[in-house]
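Protein chains in written order, with my numbering: chain A, 51 to 148; chain B, -1 to 218.
Rather than coming from a laboratory, the hints here were simulated on the basis of the structure.
Idealized CB from N, CA, C, for every residue including glycine.
There could be a bad hint or two in this list.
[Claimed, not checked] Straight-line Cα separation of at most 30 Å, DSS-like style, residue types lysine-lysine; simulated pairs: (1) B:LYS31 x B:LYS101; (2) B:LYS148 x B:LYS129; (3) B:LYS148 x A:LYS117; (4) B:LYS122 x B:LYS148; (5) A:LYS117 x B:LYS101; (6) B:LYS31 x A:LYS117; (7) B:LYS100 x A:LYS117; (8) B:LYS31 x B:LYS148; (9) B:LYS31 x B:LYS129; (10) B:LYS129 x B:LYS68; (11) B:LYS189 x B:LYS122; (12) B:LYS31 x A:LYS124; (13) B:LYS100 x B:LYS189; (14) B:LYS189 x A:LYS124; (15) B:LYS122 x B:LYS68.
[What the hints assert, rightly or not] Using C-beta positions, here's what the derived DEER-type ranges look like: (16) B:VAL178 x A:LEU90: 43 to 51 Å; (17) B:SER145 x A:VAL122: 26 to 34 Å; (18) B:ARG25 x A:PHE118: 17 to 25 Å.
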Amino acid sequence: MNYNDTTHNEHHTGYGGYVLIWLILMGLTGATVAVSGIDLGDYILFTALLIASIKAYYVVTVFMHVKFDAPVFKIFILVALFVLLSVFILTSFDVFYR
Amino acid sequence: MNKPIAEAIEEPLSHNQEHTHEQHVHRDDTGSKMGMWLFLFTELLLFGGLFILYMAYRHQYNADFHSAAKALNMTLGTINTMILLLSSLTMALSIAAIQRAKKGLSVFFLIATLGLAAAFLVNKYFEWTAKFHHDIYPGSETLLDGSSGKYIFYGLYYTMTGLHCLHVIVGMIVLSFMLVFVLRGSVNSDKNVQLENSGLYWHLVDLIWIFLFPLFYLIH
């Protein structure tokens, strides 16, 4: 018996699936460049980061296979992101309201 | 899905050991991947710290950051973003190919990934050379005479994109090793966690660029 079966014989995403995600990522890149030309005032940074986060989501879930990995990986990543976000928020309170 | 770990622990007990010993060497792909992710989290903290620095200084020198960023070449930045996204695709396809036992296709996509990485570095070379010609580099007279916000912006620009470049180079070295392993057959349809982990690293390099790009090239 081969205990690696679970990680090796699962072909969740076909070649076409990856190409589709890539096309979405290219579209989002075009969108973020186009949006940067519009004066959105305070929302420029917000929009740019929002689009970047959507792109990051697709890369992590599909290209990095997290969508198909064990739940423990998702928990790992969420905890790491929570730590990073906490540090960002706490620092920003210090920086913005000093 | 803790199954592989649980089974790996139980296996020697439930099987005839003499028989299984020859069958396979102990291997834990899930554990291997977990280790890679832990390493990626340290990378996240490394770049996260620099992004915090960027956030704090952008808050302090907002106007200077905007005027300084105008000198950056948005077209070159966009092309590099597309190159890295395409290289992420070829990386994912290379792994998909080896898992389907298509060695030739996997090798082709790996070489494509390496080529795109090299193209990214060539672009970066031209971009930085142009900046040097305009006397914009850490310690240059133009920057020393300019506003401190501009100086800090370019300090962050060179540090963050430079560190990212270093990661691209390391990624290329790792992927070159993988190319040899795939060619030799030690990475194959059954055993390819090394290639998967290298892919994770490569995608991280892409992820960091996804955030660097709008923060440096798209502020006007």
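For each hint, the structure was consulted:
Only pairs whose Cα atoms come within 30 Å are accepted, and B:LYS31 paired with B:LYS101 is accepted, the gap being roughly 22 Å. Of the pairs offered as hints, the one joining B:LYS148 and B:LYS129 holds, with about 14 Å between alpha carbons and a cut-off of 30 Å not exceeded. Under the criterion of a C-alpha separation no larger than 30 Å, the hint pairing B:LYS148 with A:LYS117 is inconsistent with the structure, at around 41 Å. With a CA separation close to 20 Å, the supplied pair B:LYS122 and B:LYS148 stays within the 30 Å bound.
The straight-line distance between the Cα atoms of A:LYS117 and B:LYS101 is roughly 25 Å, inside the 30 Å bound, and the hint therefore holds. Of the supplied pair hints, the one linking B:LYS31 and A:LYS117 holds, its CA atoms being roughly 14 Å apart against a limit of 30 Å. Taken as a hint, the B:LYS100 and A:LYS117 pair is honoured in the structure, with Cα atoms around 23 Å apart against an allowance of 30 Å. At most 30 Å may separate the alpha-carbon atoms for a hinted pair to count; B:LYS31 and B:LYS148 exceed this at roughly 41 Å.
Between B:LYS31 and B:LYS129 the CA atoms are separated by roughly 40 Å; this puts the pair beyond 30 Å, and the hint is violated. A distance of roughly 12 Å separates the Cα atoms of B:LYS129 and B:LYS68; the hinted pair therefore holds under the 30 Å criterion. Simply put, B:LYS189 and B:LYS122 have alpha-carbon atoms about 35 Å apart, too far for the 30 Å limit, and the pair is violated. Among the hinted pairs, B:LYS31 with A:LYS124 is consistent with the structure: their alpha-carbon atoms are about 13 Å apart, no more than 30 Å.
Between the alpha carbons of B:LYS100 and B:LYS189 the distance comes to roughly 13 Å, so the proposed pair stays at or under 30 Å and holds. For the hint pairing B:LYS189 with A:LYS124, the CA-to-CA distance comes to about 23 Å; that is within 30 Å, so the pair holds. A distance of roughly 17 Å separates the Cα atoms of B:LYS122 and B:LYS68; the hinted pair therefore holds under the 30 Å criterion. Against the hinted window of 43 to 51 Å, the Cβ-Cβ separation of B:VAL178 and A:LEU90 comes to about 49 Å, which satisfies the hint.
Distance hint check for B:SER145 and A:VAL122: the Cβ-Cβ separation is about 49 Å, which falls outside the suggested range of 26 to 34 Å. For B:ARG25 and A:PHE118, the hinted distance range of 17 to 25 Å is satisfied, since their beta carbons lie about 20 Å from each other.
The structure is inconsistent with the numbered hints 3, 8, 9, 11, 17, although it conforms to all the rest.
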